[in-house]
Structure formats: C-alpha cells, structure tokens
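Engineer: Two chains, two separate frames, one set of hints: put the complex together.
Quick mapping for you: the protein sequence lines, in order, are chains A and B.
Per my numbering, the first sequence starts with residue 4, numbered consecutively.
Per my numbering, the second sequence starts with residue 27, numbered consecutively.
Check before you lean on any hint, since a few could be wrong.
Label pairs and their computed distance ranges (CB to CB) [what the hints assert, rightly or not]:
1. B:Gly166 / A:Gly37: 25 to 35 Å
2. A:Val44 / B:Gly156: 19 to 29 Å
3. B:Gln208 / A:Ile64: 51 to 61 Å
4. B:Val131 / A:Leu57: 17 to 27 Å
5. B:Val131 / A:Trp71: 30 to 40 Å
Sample of chain A residues with no beta-carbon within 10 Å of chain B, all distances over it, derived [to be verified]:
6. Ile35
7. Ser36
8. Gly37
9. Phe38
10. Gly39
11. Glu40
12. Leu41
13. Val59
14. Ile64
15. Trp71
Derived SDA-like pairs (lysine to any residue); straight-line CA-CA distance at most 20 Å [said to hold, decoys possible]:
16. B:Lys336 / A:Asp7
17. B:Lys309 / A:Asn70
18. B:Lys336 / A:Phe9
19. B:Lys310 / A:Asn70
20. A:Lys74 / B:Phe275
Honestly, the hints are just simulated from the structure, not real lab data.
Each residue gets a CB set at the ideal place from its N, CA and C atoms; glycine is no exception.
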Amino acid sequence: MKSDLFGFLFSMWVLIIVGGGILVTILGPISISGFGELDWVIASVIKSIIALVLIVIWILILSKLKNWIFKKELKL
Amino acid sequence: MIDLLIPTIISCVVAFTIVFVMTPPLIKILEKRNFVVKDINKKENIMVVRPGGPVIIAGIIASELVLYAFLQMNEILAILITTSAAFVIGYVDDRKVMGGWFKPVALAVSAIPIIALGAYDSNLAFPLFGTVQIPILYIGLIVFMILITGNTINSIDVLNGVASGFMVIASFSLSICLFIVQNYEIAIVSLPLGFVSLAFYKYHKIPSKIFPGDSGALTFGAMYGAIAIVGGVEIIAAVALLPAIINSFLFLSSVKRIVEHRQIKGKPVEHTDDFRLKATDDKKAPITLVRLILAGGPMSEKQVAFAIFKLAIFSGILAIITAFMMGVLI
Chain A
4 MKSDLFGFLF
14 SMWVLIIVGG
24 GILVTILGPI
34 SISGFGELDW
44 VIASVIKSII
54 ALVLIVIWIL
64 ILSKLKNWIF
74 KKELKL
Chain B
27 MIDLLIPTII
37 SCVVAFTIVF
47 VMTPPLIKIL
57 EKRNFVVKDI
67 NKKENIMVVR
77 PGGPVIIAGI
87 IASELVLYAF
97 LQMNEILAIL
107 ITTSAAFVIG
117 YVDDRKVMGG
127 WFKPVALAVS
137 AIPIIALGAY
147 DSNLAFPLFG
157 TVQIPILYIG
167 LIVFMILITG
177 NTINSIDVLN
187 GVASGFMVIA
197 SFSLSICLFI
207 VQNYEIAIVS
217 LPLGFVSLAF
227 YKYHKIPSKI
237 FPGDSGALTF
247 GAMYGAIAIV
257 GGVEIIAAVA
267 LLPAIINSFL
277 FLSSVKRIVE
287 HRQIKGKPVE
297 HTDDFRLKAT
307 DDKKAPITLV
317 RLILAGGPMS
327 EKQVAFAIFK
337 LAIFSGILAI
347 ITAFMMGVLI
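So that you can see chain B by itself, here it is in the shape it has in the complex (with noise of 0.2 Å):
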C-alpha cells in the first residue's frame, strides 16, 4: 500500500495541473478560432467557448500514463483506450451534428478494449447476497456500461458547472468505495478522473468560461465506467451515478426512443421575467431531472445546480454503504 502513495501523489498532482494549467490557453484558442455557443440560460447574450474535452483527455491521458509507468496494469490500458475513444467519439459530434444512433452504436464499439485486453472479471458482485457468474450476459453489460455511463453525464450537462461538478462527486465516491473493498489499484487508478473533474470545475462553473461539450462528457463518463467494470464495482458506480441515470431514465421513459436533445421540440424549462429557470406546462415536452426540481417553482441557474449536488452526495453516500454491505453476506 505505501508503495503505492508516489504513483498516486504524481498522478493526481499531474492531472489536476494539466487541465488547470491548460484551460485558460485553450479558452484563448477556441474563442481565437469562434467555437463559442450561447448560454441560453444567460439573460445577456453571452459566449461561451466549448468544446473543453481536449484538455480533459490531456489530463487523463498524462496521469494514466504516470500510473502506467509504476504499475503495467492492462486495466490501465482498457481505460486508457476506452476513454481516449469516447473522446474521438464526443469531438465528432462537437465539429459536426451527428444523428441520435451514432453515440450509442460508438460508444458500444469504444468498449471493446476493455473486452479484448481481458480486464474484467465476469462475477456480478452484489451487496448482502455474493456474486452471480455470467460469462455470456456480462459481455453485454460491459458494452451498456459504457454506453449508459457516456449518455448519462452528457445528457445532464445542462447548467452551468453540472456535469463536472456532478463527476467531482461521483468519481471521488466511486474512488472511496474502491478503497473501502479493498481494491486499492483501481481505486488509485480512479483518483485522476476526481482531480481532473475538479481541477475543470473551477472553469465550467457559474459563470461558465468553457463547456466540457460532448468530447469533455463523454470522456468523463466513459472513464467512469471503464473504471466500474475493471474495478468489479459495476452496482456500486450505479448507485452513486442515480441522478444522472434518472434523467435519462425520466427522458427515455416520457420521449419513448433514443433521440437527441436538439431533435427534442417541446421545452422541459423556460425563463421567468428575472431570468429564473422555470418548469413549462408543455405536454410534449420530456420530463427531467431539471424539470422535476423546478415542479416546486423557480430557481435560479445556481440553486437547480445545488439540488443536483445535493442528489449526487446522497447517492455518492448510498453508494458508500453499499461498498460497505458488499463484505457483508446474509
């Protein structure tokens, strides 16, 4: 274990620098070359630059790569891959408007490494009950993990500072429940992801200087579920990864088939005359995570990003006791 506290300082220190470091330049360069959208949650026409995936893989990259070089895990190359591909996949579809199958169908094929490297084990561990062995299913779950774990953080990166903030939460939950069943390698291998969501946070925060676009989602996700599978914590990344999985759960379950946002033509939120967000009462429109918080009346852009924290530590607090109930058996 103490060998193990050099890589895991080099690493976290090499992630949180890089994208710290690296994301004013960027901001530059991309307001240079006019990749700026509107915030449209903003009252003033305000620009905001995106896509901030680059810096986000950089980051990953470089730490992974330290980690690579102490502990030659094939796990680390899984992740690695995996997570570099959801990039390639995320930075498509920020330069050119793809259709709602490409991420799904893209996203399953990134999972592959993680199939073909051999890093995973095919026994579903479950709190208070043991393990069940699905050798042929768990080749499935591999390939919807990912999916489902890109779709989810890009699909709740609407607000100003969410989806990396959110990543803050659950990643660090996630490293913690590693810890606490005693896989300490994984569990180190996950911290840069935590480091590297933070160190994006203070920049994508409200007011928002950069968004993470689907490059900067997707790879948070896809890491994040890279990491569960290889790490044999699939249930346990569920439970602290809920809020998200509601939205899309919520959004599925009311459009009825996968689509993208843009394609959507009822709006789940509107503004008020202060600019406060608000839930509509349009019936085509999707139900929300966003739009369920606002049920109870308007917030402001900051308040509807704290209620979603809040969810994410309570999960990231259930998923914390479900590590602890995985060494209990009844």
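Okay, chain A solo, but in the shape it has when bound (with noise of 0.2 Å):
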C-alpha cells in the first residue's frame, strides 16, 4: 500500500511538471494586438480560460490514475 502511495506522489509530480509544460508552450505565446489598451485584458481572459479547461484535464487525468493505482482499495 505505502508504495502504491509513494508511486501516486510521484506520479502527481510528473503530472505538474507536463502540465507546467503545455500551459507554458500554450498560453506563453499567445497575445492579442488591435485592441489598444484592452490587448492585455482580452490575452489574459484567453490564457484564464484555457487555464481553467487544462486544470478540469489534469485533474480528470489525476483521478483515472487514482482508480488505477488504487483500484483494490477503493473497492473497500
């Protein structure tokens, strides 16, 4: 059991550090020019919500993994 929770730890690291990866080679490029002032406002609304869709991934991943490393205990 402990080394199945070791193996869910590193396994949640590795998830960050890829995740880390896509949202800084998704949202590091994007910017938005022709709004005057408002280009930051709008870039930063876009970067928000492709943020927020990639955590609702993460998390959906994190937990398929759970069931699978976890499967035998979760069926307590």
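Structural biologist: See the structure below:
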C-alpha cells in the first residue's frame, strides 16, 4: 500500500511538471493586438479560460490515475 | 547575505522560544477553562486541551516583526496580515461550530492583503519550461492557494502530532527551495514557520498535550501559502505539500462536495480491540490518506503518523529537485 502511495505522489509530481510544460507552451505565445489598452485584458481572459480547461483535464487524468493505482483499496 | 544572518538568527530564536515557553502556561489556562476534547484514538478516556493556535500566532507575529524591523518589506506585512486573518477565522471555528462554507469563503477573503499590498509577481514559474504571465488568473490563484493550503493542513490534522510534524518537514523543505532559487529574503522570512512548528510539535507529538485546533492548523497552512505566493514558488510549494493535497483530493473526490469532517456519516477508520487503527469497509465513508495507509492492515497511531512523515519527506525531496529544475530551461 505504502509503495502505491509513493507511486501516486511521484505520478502527481510528473503530471505537475508535464502540465506546467503544456501550460507554458500553449499560453506563453498568446498575444492579442488591435484592441489598444484592452489587448492585455483580452489576452489574459483567453489565457485564463485555456488554463482552466487544462486544469480540469489535469484533475480528470489524476482521478483516473487514482482509480487505477488504488483500484483494490477503493473497492473497500 | 551576511547582513541577513543576525535577523535570521534572532527571528528563529524568537519563533522557537515563544512557542516552547508559552505553550505549557497556555495548556494550564485551557485546562482551567475546561477547553478540552476527547482524544478519540486512545483507549483510556484521555482529554486534551485545544486550541494551540494562540501560541502559534504569537510566535509567528513576534518573529516576523523582528524581521520587519530589519528588512521593512511589504511581503512580510502581507504574510503577517493574511496569517493573522487565518488565525482569527480558525479561532472563530474553534469556539463556535460554523458551516462547511465558512472556512473556504473566509480564507479566500484572508488572501486580499497579499493582493492589496502588491506582494506578488504574476509570472507563474514552472520547472524546465520557464514562466507564463497570467495577470488576471494569478489573482484567482492567490485566493485559491491560501484556501487550499489552509484547508489541506487542517484536513490532515487527524492524529497526534501530524499537522505540526508535517508542517516542520514541508516548511523547512520550502525554505531550502527558496535558498536554492536564490530568493534569500523570503527564505529567511519562511524560517520562523518551521521553528514555530518544531516547538509546537514538542507538545503535539504522541501523546498530545495540546491540539492546534482550527486556529493553529489554518495559521500554519495560510502562512505556508502566503510564503509560496510572495516567494514566487507556488509550484514548488504545492509539490512539498502533496501528501496533504492528496488527502483533500481523495476526500473531495469521494464525498463530491465541500463539507466539514464532523458532518460525514461514514467512518473511514475504526479501532481494533487493542486500539490500533484499521480501515473500515464502510462504502459511505470518505477515502482519506489515513484510510489508504491502513488498507494494508491495522497500525498504531504512531506508525500511521510516521508513514505520513515519510510521504512528507519524499515530497520535500521532490520539491528540492523541482527547485533545482527551476534553473534549467529546455
């Protein structure tokens, strides 16, 4: 059981690193022009929406991972 | 760096000494006032005083004021105000039973001083990949961070010594990480949290003489979150806190709503005849970190606490590796 927990911790860490990479790669280059002073606001809103979608996907993956790693224990 | 040595030593000594010296008198005062709760994991009818939050916040305020006298940084004020607000929220919850909504909403409000004092950088730094600028989303992240760190430390405060012991490991790991990323001033500001936790652990470890209560646990968690924000080490801080985050994640994904522990009907853990802890078969009970640790068979309270500390040390090592990776770009 304890090794499963260490494995889950390590998986979460890898997911954080990979998720961060995807976030930086996707959100980093986004910039909007043509709206004057609103450029940064619009870009920020778009980045926020994409980031939130990525976070939801991250949580879903984590949830599947949890069910897979602890499938025996979760049938308690 | 050398000029920071004196304030560092003074603040750490003040943090440790205040909690170490003031806790025994607080225990006596709380006993006199009959502020006691039953230690449910003991066979005998043992009553333990709570909350220890007042000495914890006293240690933090005194040590951070020492640092403010030397460094005069806005970041120290932001950490102090947010942490003090979290203490007040916890203390209200210690004295009066509040609804499940109270702590999340109030903790979110307690993050406002960090925003108002501008003690943050909206660039979110990731290891290996660099930073991303998210000005609007970062405001939400500040609120979310304080809420999560406060509640996760509170939710892991289930066994003797676990909340304070876990905090010792997580906060010293975070301080080491801040030194690694060369944020020396915030690293020094973060040290008192570790020393306050260490001094409190002396009285909180099994068999507990005092419980931190919501006021203590929220103070620990909110200060940790505030340091992560003002130090710009949000991802590293989350990694060091992973066992507590897993506990909250497992709890929320099994209960599927924000609810106080006391409102949960099923019991995730029960006692054997010799009063060791064992996981229940109750399908209504939430999945928790302790329940998963016990899935392999019954363990004593001390064994479970040490299993949690081992997970915390593992996360602390991952956090330190993450801090080294911050300096590497691919």
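Engineer: Determine whether the non-interface label on A:Leu41 survives the test: each CB of chain B must be over 10 Å from its CB.
Structural biologist: Correct as stated: the minimum Cβ-Cβ distance to chain B is 12 Å, above 10 Å.
Engineer: Using the C-beta atoms of A:Val44 and B:Gly156, is the stated range 19 to 29 Å upheld?
Structural biologist: holds, 23 Å
Engineer: Was A:Ser36 rightly flagged as not at the interface, with every chain B Cβ beyond 10 Å?
Structural biologist: holds, 16 Å
Engineer: Compare the distance between the alpha carbons of B:Lys336 and A:Phe9 with 20 Å, and conclude whether the hinted pair is satisfied.
Structural biologist: holds, 9 Å
Engineer: Are A:Lys74 and B:Phe275 close enough, with their CA atoms no more than 20 Å apart?
Structural biologist: Given pair A:Lys74, B:Phe275 holds - Cα atoms ~16 Å apart, limit 20 Å.
Engineer: Over 10 Å to the closest beta carbon of chain B is the bar; see if A:Gly39 clears it.
Structural biologist: Label holds. Min Cβ-Cβ 17 Å, cutoff 10 Å.
Engineer: Decide if the proposed pair is consistent with the structure: B:Lys309 and A:Asn70, CA atoms, cutoff 20 Å inclusive.
Structural biologist: holds, 15 Å
Engineer: Would you say the C-beta atoms of B:Gln208 and A:Ile64 sit inside 51 to 61 Å of each other?
Structural biologist: violated, 33 Å
Engineer: The output says A:Glu40 does not contact chain B. Does that hold with a beta carbon cutoff of 10 Å?
Structural biologist: holds, 13 Å
Engineer: Would you say the C-beta atoms of B:Val131 and A:Leu57 sit inside 17 to 27 Å of each other?
Structural biologist: Holds, since B:Val131 and A:Leu57 (Cβ atoms, about 26 Å apart) stay within the stated range.
Engineer: Any Cβ of chain B at or closer than 10 Å to A:Ile64, or is the non-interface label fine?
Structural biologist: holds, 12 Å
Engineer: Does the Cβ distance between B:Gly166 and A:Gly37 fall inside 25 to 35 Å?
Structural biologist: holds, 26 Å
Violated hint: 3 only; the structure is consistent with all others.
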